[in-house]
Every structure is written in C-alpha cells, then in structure tokens.
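Enquirer: Spelled out from the first residue to the last, the chains are:
6 protein chains.
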Amino acid sequence: MSTAKPFKRILLTGAAGGLGKVLRERIKPWADVIRLSDISPIGEAQDGEEIVQCDLADKTAVHALMKDVDLVLHFGGISTENNFEAIMAANIQGTYNIYEAVHLAGVKRVIFASSNHVVGYYKTTDYINAEMPMRPDGMYGVSKCFGESLSRYYYDRFGIETVCIRIGSSFPEPINKRMMVTYFSYNDLVELLRCAAFTPRVGHTISFGVSNNPASWWDNRYASHLGFQAKDSSAAFAHKFPDSGDYPAADDITTIYQGGAFLLTGPQYKS
Amino acid sequence: MSTAKPFKRILLTGAAGGLGKVLRERIKPWADVIRLSDISPIGEAQDGEEIVQCDLADKTAVHALMKDVDLVLHFGGISTENNFEAIMAANIQGTYNIYEAVHLAGVKRVIFASSNHVVGYYKTTDYINAEMPMRPDGMYGVSKCFGESLSRYYYDRFGIETVCIRIGSSFPEPINKRMMVTYFSYNDLVELLRCAAFTPRVGHTISFGVSNNPASWWDNRYASHLGFQAKDSSAAFAHKFPDSGDYPAADDITTIYQGGAFLLTGPQYKS
Amino acid sequence: MSTAKPFKRILLTGAAGGLGKVLRERIKPWADVIRLSDISPIGEAQDGEEIVQCDLADKTAVHALMKDVDLVLHFGGISTENNFEAIMAANIQGTYNIYEAVHLAGVKRVIFASSNHVVGYYKTTDYINAEMPMRPDGMYGVSKCFGESLSRYYYDRFGIETVCIRIGSSFPEPINKRMMVTYFSYNDLVELLRCAAFTPRVGHTISFGVSNNPASWWDNRYASHLGFQAKDSSAAFAHKFPDSGDYPAADDITTIYQGGAFLLTGPQYKS
Amino acid sequence: MSTAKPFKRILLTGAAGGLGKVLRERIKPWADVIRLSDISPIGEAQDGEEIVQCDLADKTAVHALMKDVDLVLHFGGISTENNFEAIMAANIQGTYNIYEAVHLAGVKRVIFASSNHVVGYYKTTDYINAEMPMRPDGMYGVSKCFGESLSRYYYDRFGIETVCIRIGSSFPEPINKRMMVTYFSYNDLVELLRCAAFTPRVGHTISFGVSNNPASWWDNRYASHLGFQAKDSSAAFAHKFPDSGDYPAADDITTIYQGGAFLLTGPQYKS
Amino acid sequence: MSTAKPFKRILLTGAAGGLGKVLRERIKPWADVIRLSDISPIGEAQDGEEIVQCDLADKTAVHALMKDVDLVLHFGGISTENNFEAIMAANIQGTYNIYEAVHLAGVKRVIFASSNHVVGYYKTTDYINAEMPMRPDGMYGVSKCFGESLSRYYYDRFGIETVCIRIGSSFPEPINKRMMVTYFSYNDLVELLRCAAFTPRVGHTISFGVSNNPASWWDNRYASHLGFQAKDSSAAFAHKFPDSGDYPAADDITTIYQGGAFLLTGPQYKS
Amino acid sequence: MSTAKPFKRILLTGAAGGLGKVLRERIKPWADVIRLSDISPIGEAQDGEEIVQCDLADKTAVHALMKDVDLVLHFGGISTENNFEAIMAANIQGTYNIYEAVHLAGVKRVIFASSNHVVGYYKTTDYINAEMPMRPDGMYGVSKCFGESLSRYYYDRFGIETVCIRIGSSFPEPINKRMMVTYFSYNDLVELLRCAAFTPRVGHTISFGVSNNPASWWDNRYASHLGFQAKDSSAAFAHKFPDSGDYPAADDITTIYQGGAFLLTGPQYKS
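These protein sequence lines map, in sequence, to chains A, B, C, D, E and F. Quick note: our numbering has the first sequence finishing at residue 271, numbered continuously throughout. Quick note: our numbering has the second sequence finishing at residue 271, numbered continuously throughout. Quick note: our numbering has the third sequence finishing at residue 271, numbered continuously throughout. Quick note: our numbering has the fourth sequence finishing at residue 271, numbered continuously throughout. Quick note: our numbering has the fifth sequence finishing at residue 271, numbered continuously throughout. Quick note: our numbering has the sixth sequence finishing at residue 271, numbered continuously throughout.
Take the hints with a grain of salt, since some may be wrong.
Copies of the same chain look alike in the list, so a pair counts if it fits in one copy or across any two.
[Claimed, not checked] List time: in silico BS3-like cross-link candidates among lysine-lysine, alpha-carbon distance up to 27 angstroms:
(1) Lys-59 / Lys-240
(2) Lys-177 / Lys-108
(3) Lys-28 / Lys-123
(4) Lys-123 / Lys-59
(5) Lys-8 / Lys-240
(6) Lys-67 / Lys-123
Source of the hints: derived by calculation from the structure; they are not laboratory data.
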C-alpha cells in the first residue's frame, strides 16, 4: 500500500557519533526499520528503530549486524586523527568486516562515509576531482583511502555498489575560515545520502560532500549521475569571517594545504 | 523595416514528425517563410509556410527542396530503431542528399537532429562530453554517427556550419525514470535551436540537447559558445517517480547503459 | 598434431585488391583454409584456398560467405574516393552485411581495414590518438567512420571483437613526401594483422597502421596491448626525397592536412 | 577597533584610466589609504587617498611608489594596441619595475590586470581554461603574456602571490555582439578584485574576468578557490543585439577568433 | 678511498622471499652492509651482511631494525592472496611500522615493493598510468594500495622519499601467456632498483616494474625521471606460447582483466 | 643542377656565441650563403659566408640584416641570467626586431633558440610537455617565454612559421649530474635544426632540444611531426657521475627544480 517505505531495513553504523545523531531522525522515512549501531551507547530504540551496540572490529558481531539489511550507511569507526592501531582496528579491520558481511548477506549497496582528508595534501589553490590520485593528510585519511580502495574491489569483483562520500565539514555552521570552503550543511548531507540511496545505478561512485559554497576546491563532475544539488551555502555565514588583509605566514601549512589543521595531528607527535 | 524577420526561408525536414510538429509553430518568428518537408502528409500550408512532400532518399527532390533556403533544420529521417536498409535510405542516403544540396545551393548552416543514441553505450555512471568517442546503441544511433561525421566533413572541406544536437528525450514530460535524466522540454529545445541558428559563428558544434535536470550524464562544455541555458528541469516531475529501494537486476542492461530500452531493439531481433 | 594451424578458416574480403593480393600469401600459415572473396575475379584457388566471388552489397551472398569462418579480415569495398552511392553500397551496406553475417554465424573476431582518412582533416602538425574525434577527409573516409562506429556497436552489444586498422600508406615504398610519414610496409602490415588476430583479447581496438617512420602524426598508445612493433621505417627511402627549402604555398591544403591529396577528391567535383 | 580597515595602504596603478576611475571609489573600504598612481594627472587627493604621478618605466619612481604598501592593484600601463616600443616601456619595463619594487618592499600580493587578449587567437567556438597555452592577438596581448610569465616567476622564486585577471570587456554595457560574451560588469570586476585581495591563499592564480553571460569561451575552473561568483549578465542587454541570420563572412577573422577587432590592429599597420 | 660504496647500510626486508633471494647478491655493490630481514630464517650472514629475523608486525622489532640504515628496500610482507587478517598484520601494520621507524630513524628514502595488483581490475585492453585511480584485484592488492597511500603521506608530511614499484611478474621467465605482457626480468628489476636508489630526487614516484615486452598495459611516463630503461623482453620466450586462434571464453575474467588468475583468489572463497 | 643547395641564404644570429660557432660549419650544406651576425666580432667571412656585425636592439640594422634571407636561425641575444635591462634590450626588443624584419622581408620560417629555462620551475620529478604552462626560472627564462609568445602571434596573424627549440644543455659533454638529463649533443642539435628547417609544414612548433638520455623530464609528443630522432645519449658519460647515496639536502632548490643552478641567479642578487 501507499504507506510502504522504500527499504525494509537500513543499517546505520556510527549512530552515536556527531553525524549519526543527525541522520537517525532524518532517514526514518526511508525504511521501515533503522538499525542503529555504535561502539558507544546509543540510548533507547524508538519506534521503527533497532539498537545494536557493536565493535566493528568484532567480525562475528558485524556479520550478525547485517542480517536482513537492505542498505548500509557506514558512518562508524574513528573520525579524527588518532594512534594508528586504534584507527586500524576501527577503520581498516572494521570496514573490511562490514564489506565481508555485506557480501555474505547479499546487501546490494553501501554508502561509505569517506572524508576530504583523503585529499588533504592538495593545495588550497588546487581544483581536484575524484579521478585524481589520493593525497591523505594523516592516518585517519590513509584509513579512508583504504576504505575507498576496498569498496572499489567489492564492486569490481562482486558488483556491490558503493557511494563514497568525501565529507567536507558537516557541522551546524562554519567555525573557521577554512570551513567557508568545506562547509556541508546537514540538509545537504541528507540530500546527498538520499541521492546515493535511491539512484537506480551508482556502481562505485566517489562524491565530494560539500554545500554550494562560493569558493570550491572540489569538482564533483564524476558524481553527476547522482543528481545531488546542494541548496545551502556558507555564504550565509560570511559576516562571521570578515575580509582580512592579514595573510597567513608563507610556511603555514594549515592554509597551504586543503587538510587544514588536520595536518598537524599526524603520527610524529606520538613519540 | 523593423518587422523584417532574421531569415527569408528556413527548411524544416521531418515536419510531420513528433518534434517537427512542435517546431512548426515555434520557429515562425525566425523566417518569412518556413518550408515544411516530410515523407508523410503535413496538411495545409498556413500563412508563411510552404509544404513540400519529399522522400529524402530522392536526390533530385532534395536538391529542389533547397532552393532559396537560408537555414536548414534537418529533423527528417527515421527516428527509432528499424531495419538497417530503411535507416540507410532515410538517414544515410537522405542526410548525404541534404548536405550535397546544401553545398550546391550555398546554404551556410544546418542544424542537425542527432541523438543521444550515438553515445547510448556509455554507462549511466559515466559523465561524457562531445569530444569522447561515440558509442552508438543501435542502427539508428549508428546512422546518427554517420550524420555527425558527414557534417564534420562538410564543415572542414566547405565551411558549411552545422550544430549537431544530440537530443535527449523531448516529450511533454518524462514517462520513465531514465527520462528524469534525459528530459528535454520543448521550450528548451526551441531555445537551443534559437542559439544554434543565431550565434554568429558555430563552426561544427556538437551539443547535448537536455534540460537542466538534477542528474546529468552529459557535459556540454564544448557548446558553451552557443549560450544555451536550459530553463526547465525534470525536477518538476519528480513526484511521479518516487524514491525506490528496489534496485534493478545486476544484469539489466537498460539501466547499466545510457541508451536504456533502445539497447534491446537492435538488429539481432530481426532474424 | 603439431602441424595444426591456429584457425580452421579465415575469410579475406577484398582479396583481389592491392593489399588483398599481398595478404593472400602471407596469411596462409594462420589457417587451414583461406577463403578469398572479391567482387572482381581472383583467379584459381591454390592449395588451402577457397575462392568466392561476391558483391558485399548482396546480403544473401555475404551470409553464405561466412559459413564455417573463424576470423574475418575485412579488406573489401571501395578503397579510394568515389561517388557516394557506390561507396554506400560497397562500404556501408557491405560492411553492415559483413557484421550481420558475422553475428549470425557466431564469428568472434573481425579485423577491419579502416583508413587514416577517417582523420585526414587533422593538421600535419597535430599528433593524434584513437580516442580523439574523427575528422574524415572525403566520402571514403566517412564510410570508414561508419565502419568504426558500426563495429563498436557490435562489440558493445554482442561482444564481437574488432581491431580497426587505420591503414597509412601501404605500398612497396613511399612515392611522395607525405608517405615518408604514413608509410606502412607490407611486412609491418602483416605483423600488425598477426597481433590483431592472435592477441587473446582485443575488445574493440583502433590501431594506426604505420611503420616506425621518423616523423609521426599518430600515437598508437590505445593499441599497446596488441604488442605490435613496427620493424620497417621510411628512413630507408629518405634519399629519394631530399631536403628542400621550397616550402609549399600557405594555402596548399594537401600539406596543411594529414589527408594530403585525398582532400581534393571529394564530392564537390562530381556536379 | 571595529572601524579598522583590512589593509593599511593599497597601491592602485593606472588610477587615471577607465577602470582606475571606477575602482578608485569602490576599493576605499578595503584600506586606510589608497595610493593612486598614473602617468597622467589624477586630480586632487580626497580623504583616504594619496596621489603619486609616476611613469612606470621609471624604476626609481616605482620603487618609491611601493613604500608602506600592503597590496598592489596593477592596472597601469598601456591598455590598447600601440607601437611596440611604447608597450615595451609601459608594460614590460613597467611591470618588471613593479615586481622588483614589490620584492624589495616585501609586499605579499599583487593583483595584475591581464587581458583576454593573451588568448585572443583562440576561436570563438573554443572553450578554454587557464592552463592552456597562450595565444596573444597583438603586441598588447604579448606584453600581458610577459606579465603573466613574470609574475609566475616571482611567485615560484619569492613566494609573492599574484592573481592575474584576464579582463574581458569591462564597460558600462556591451556595445557590440562580441561583448555579449566578454562583458564584465563593474560590479563583478570589483567583486573579483575583492575575492583576489582577501582569499587567504592565492598562490599564482589566473582568472578570467567575465560576468555570468549566457555564452562563454572561458572556463574559470582553476580559479575556483577564489570564490568569485558573477552576479551580472549580458543577458540584460540582449534586446540591443537582436537575433540575425546575416552571418559574418567566412573569412572575417574578427568573428572567427576571440580577440575580435583587436586582431586588425597589430604591428603590420605601422609600416 | 675509491673503494667506498655508495651507502653504508641498506635494509632489505623480505630477504628470504623469492625476490629477496635474488636481490641479496645483486645489491651488494651498493652498500658496505646489507641488513637482511625476514620473518622466516634467512641462513648465515655472509661477508658484508647482517641477518635479523623479524616480524614486521612487531613494532619494537621493526624500530630496532632501522638503526643506522641509509636506505630501505621494503620487500617484506605477504606477497600473494591470503586471508585478510594475515595480510593486515604483515602488509598494513607491517608497512606502517616500517614507515614510523623510517621517520624516527631519519632514513631518507624507501623503495617499496608494490604490485601490479593495485590495478588488476583494469582491462587487458586498457593502457594505464600511475595517475589513474587504483583498481585492486584482491586483499593483497588492497594492502598494496594502502602502502602507496601511506608512503604518499610520509612524503607529503615529512619529505621521506619513496619509489613504489608496481612489480609485474618477476620470475626467471614467463610461464603463461599473461606474463608475456607482465614479465619483469631479474636484471631489469635490479636496474630499476638501482635507478630508484641513486636518482638524486625521486619525491614520491610510482613506477611500473616491467621489462620491454612487445605488448604493454602500463605507461611509465610519470617515472621518466628515474632513467630506467628495460633491456630484456618477453619476446625471447615467444616461441613457448605459439599463436592460437582458440580465444578465451567471453566471460573468462582472468583474460578480461589485467590481474589474471589473481582475481579468482579473493575473500569470497574463504567462507 | 644537382649541386644546388636547398636555401639561397640562411641568417644565423648569435654566430659568435657558443652554439653559433658550432652551427657555422654544420649548416653550410643547407644554403648557398650563410649570413652570420653577432654583436661581437665573428672573424673573417669564409667561402659561402657573409658577416654582419649587428646589435639586435638596433631596429634599422636588423631590418637590413634580413634582406634576401630564406630562413632565420635566431640564436642571438643574451643566453645566461643577467640584469633585466640588458636582457630586455637583447632578447625582447631584439627578438621583436627580428620578427618585424622577418614579416616585412617576407621570410617564411624562423627557428628560435628558446630554452629549457622557460620551464625551469617544474620539479625534477615532473614530466612535462609543450602544452603545459610555462614556469620560467629567471629573467632569461622570462625573456624566452616572451619570444615563444611573440612567435606564436606572428604565426597566428601572418602565417610566419616558427620552431621554438627549448634547448637543454648543449655542450661537448655533461659536466654535472643535472646534465645527464638535459644533455643535448651538438650532433643532435644539428639534426633537430635540420628537421625544423626542412619539414614541409611546421606551423608553430615547440620542441624540447635534448638527446636520447636515460632519464627524461620532457615529453616531445607535440613535435612528433618534425621527425627528430636523437642519436646520442648521456649514458656514454655515466661513468663520470658514479652512483651516490649522498642525497641533496631537502631544501636544495637546485635539485628540486629542473632549472638547476640557474634558479640561484635571479634578480634578487642585484640589489
């Protein structure tokens, strides 16, 4: 009948994280049941929800997580720079576990929360697209490169479709000048996910997740088939970052490279 | 005086066809006389019209058709898949006849109704432009490849300008999900023809004929000089094709390739 | 036993033509039987040969020609500029007939004698490859564009593999200065055919057929998988075309464009 | 306090010229002091202005001009075709003097008024970007090529940032059909300058200066990081240039090439 | 004195592996000491050698391994398809350990044994280069993608240079038809390593490791600065793989894709 | 009769310079008369020579120089870094004078001694071609950029053909490690000039002038029509620059960029 939702069950990993919480409500119209998973507590299941606390590094648990799932929104794992072993467990072993489970369970499509940090070592004067070589800006970024390569394999070998979303800065509003370029509003995030979920064919698509901001580093041409059209813009917040003639120092790598302050958080500070 | 129209006489071939009928009225302001031609009956000539019933495969008739013509809108021929011999007569012999007549009559410009089916074997996840190799999806598409190559020759050799329009789906509205990508409204069609007719120099230009739809397979960068800006969008019809999680089968070539159902109508079904 | 040849039966069309005669002897080691076909008389069948006189425009005859064939070397048709109707019958209808017959007979691969005249309207200062748009220099060239488009379709739709060879100037030796660039020795032609016939996968490949001459207009990168390595060079004939400071006139199109004197033989001289 | 302006002192060369007069008022909010320079008289200094009459070919004067400057808008020199010696003094020696002075004074950024005439010999059917080879259309254009190369050197060697703006036709409104493509409104000019002045990093950027006109020859992708979004369009003036079927002559180079009538003003008419 | 070798100490990981054994002797002239490491026993140290048995997944051991090293040839880890956890320990954790140790020890350059299996899902009719997206053909390939991304990061962030060598088939001779394309003789391997070790600047270079074979899938243009010129060719072994007209089945993925039989060994066969 | 030389009179500017002296003898077979010009004394005219001492900055003298000339080899001007005013007089005013004289005298072709220093700010790990943006490494390089732009204009506007040769290091042999990449033997220089002089059409061609050295930074694909095939290689001198593991410092710009030590000689050292 007309009240049927498009999917029976969507799995959202990382549901207790910043974006996970945003998505929890927004994607409800897409499936009869949203299965929410995180390594941290998520709270009570509401109507149309299932809650499964799960460590993605636990293969058996991840395989159980996938039962009766139609679509996966893989937002789980570590989302900032951290020590490599932690990132490896969560983002490398974890993402591998997701894909093996997807494969065994016969799920047809994954939306993978990749990151702009897979290309953070391009310059802020570069204009790049999804077919150019990756230039990660830390261990977090390297782990997302792994996820993109892995998902490409599962598509080429098994036909499992993935949309990798290289998420910019998805926050309520830009909080520094860099985010005037990388801002990705929650509304635009949800709209891009909607396009990624419902376009009949996506193959293996890489899309930059970014609003319609005035300045742009990313050319989304290779995701044109998704039909995503950003409606928000950082221009609405321009008054918070007034024009300044106080140029950054010539050797300030946080403004030379797209990755920004992320570049200062790499492994060298661990020892 | 100010009421003079830009052209004295425009020839519209295929005037009895689907698009021919649409254009008949719309292009009236462009010329003192519109000469309407088709192999089928067209009806009565109205004010400012001339009617010439003509088989494009008839060389003598086509040469006569061209007398005193300033501009040709070549929409004649067969516009769906058919047996090769019929397509060859109408679209290959016919288009050759048109160009030879254009050359002999000294007509300076042709607008050629090519088709998206010259690239129908690109994938629905590809984003292509007019300089990429053609990938026709049937005999109809192959005949349009011929027309594009032929018109290139007449431009390189004789300076006869052509705008090849790779028409998407030009109907009153999209009638299936594929047309959400390929929809080309009548208003946008007429506007693109206007740009093609009145841009001072067009050389040999290939333009995809498509409205400003959310999803896009075609990059019109090499036709930027035409100044065409689509005003309509298939988004207005999105409610007719609600989001669905029921993905097409992995081997359903009508959703893998841009050509859609056309791919199933090729020569193999004739024997 | 060890004396078995790779193929049971190869069909060579155009066997009475210039290159057909060269190939007749050279390809004997490749198949138990070489079936030789031409519209003109070919002479007596020798050991390991079959002779079938046949007009390629005759569909029924072409279908009969294909019986028990493993591989087609399609060198038939008209190989110089001519009136369009003759070219259409031989090269357009004829090539279509070949491919339909190939399809119905289940032949897996065709080697198609295309021509450098599909790109004759590039400049002699251009360096082009097989993915760039075609620029034919006459009706003959346009008919070869058709053959390339058609064969692409049969590969995309039915998996029938084709190697299109854009033959340069395949003569005993260069007879003018242009041929110092386009010379394609008989030995190199046979070697390229050998590569095209025996590479395990060729898909739809376009290869320029040219020897290892000092000057080059054509970049064969997209045929690298064929393993063709030219062994001859026009340099051996350089003494016949001594250096000259007598530059061609600025408007001499036969030296401006790659097609050379072919450019002067187009349809405009027929009327 | 909140009334502080972004810069202490901006130098505007060419302040008495057509665009200099426009900018004089518009850029006042950007700096405490605007230093105005020209070889011609500029009039009285108004509040927040300094006037320095100066020949850019005079090295000593140019070095003095740069004292205490934060940002340079280099609009000085000759802006139309002229005899080479005059252009060399003003645009070649002059621009060199500016950059040496910038280097010695420690100025960090220059906005250089380059011109679309550095690419005027591309065709009006071409769509070009900033990474394609330059094709100047006269001595003026050649001198601007020099300025672009020179500024590139000062960036690569000394880290002095430059935005080269290839200005289209910056006039109150389009006055011929070519300007329907090249029109660059004063508002859009000022906005592009604002982006060029205040983007934190620009490196060496080349941006086409053009409004959001329907037809376009220039792809500004490599300046995407500037965040410039044109708000005006020549479409507002379309009624002044009604559609016409009176095509230009086939050999009319002013419509074949982007440079327009500039092409007719080169050095050959001097002797 | 003149007998000094270029390096004091080179570390070769994977010294007990197939290629490690080959290299052990060949690289002796490059350093006073070759430190040989493997997880398996390597045998007795000979003159100018040090032997350290070491599991690359053991961080502490790897850091000790790097003491006083000038150059690393990282050939260790798992070199065939295997279960993911084993590959992750050896190739992901292991390569990370190597780079962290390199960084802490101040080693300036690494030569990383990557693999053609990072691009194994390109077609055998494709011609690819090092700037095109990776298409791994199994977990082994994915782990090598990780190594390439990781080494890019260490170069961008710390200036540690790496040459990634996408090794083809480095065996005494080709043992199947695919290896006629991918063959990489031991001599050519050593020569490429020599170029990678001694070119003054390599930055982060990706080079395909392949001999000068007739057919080629890989364009090494982006490694041109290394000066590597292969001297061997699989042509010497052509007689072992005679021409055959027995084409592979249309759906035989081991001949459709460059990865060959590797494609059949992925994770799906583990469960 | 058979002893006629291809040209009547070739003008060689810069005849007293390093390469001028080499060429003086080598090009004798190409013309009845070689007119030798330099600002410095050249010595006695020998048989078949004319000597004209001339400052290229002297317009009248340059125009006289061009009388009865068929071909110009423009090697004159300043060939190392120098103060800008000297470079401007010799290389900018001087080259302009040459082209105006060429235009007025009706000379059809110029071979222009450009320099690899027009691209000296590319990295030594880059592989570049003639269509990529110029990156000069000093005032000398900037002046050669000017010459390339100027000659492009004279070709586009007047049809005067030029081959710009971006000369590498043309010396008797490599004298440092950089020259192992940039070495251009005298024999190869003469052969490239021969190709540039005698190819029937060259339009405006940019060719890197470099021998067939093992390592390469320059892709000469856009000069393929010249037919130049280098016969010498720096490999013959490899023993003079033995392999060394003593890597240059990370911030040593003379090895980071292609321009080498030239980068240290720019204008900043003048003040």
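Enquirer: Confirm or reject each hint.
Expert: How the hints compare with the structure:
With identical chains, the CA atoms of Lys-59 and Lys-240 are never at most 27 angstroms apart, being 46 angstroms at best within one copy and 42 angstroms at best between copies. Taking identical chains as interchangeable, the C-alpha atoms of Lys-177 and Lys-108 lie at most 27 angstroms apart only when they sit on different chains, with a minimum of 20 angstroms there against 39 angstroms within one chain. Proximity of Lys-28 to Lys-123 under the C-alpha cut-off of 27 angstroms is found in neither arrangement, the shortest distances being 38 angstroms within a copy and 31 angstroms between copies. Taking the shortest Cα distances, Lys-123 and Lys-59 never come within 27 angstroms of each other, neither inside one copy (38 angstroms) nor across copies (33 angstroms).
In this assembly of identical chains, the alpha carbons of Lys-8 and Lys-240 lie at most 27 angstroms apart only when taken from different copies (21 angstroms versus 43 angstroms within one copy). In this assembly of identical chains, Lys-67 and Lys-123 lie within 27 angstroms of each other by CA distance neither inside one copy nor across copies; the values are 43 angstroms within and 31 angstroms between.
Hints 1, 3, 4 and 6 from the earlier list are contradicted by this structure; the remaining hints agree with it.
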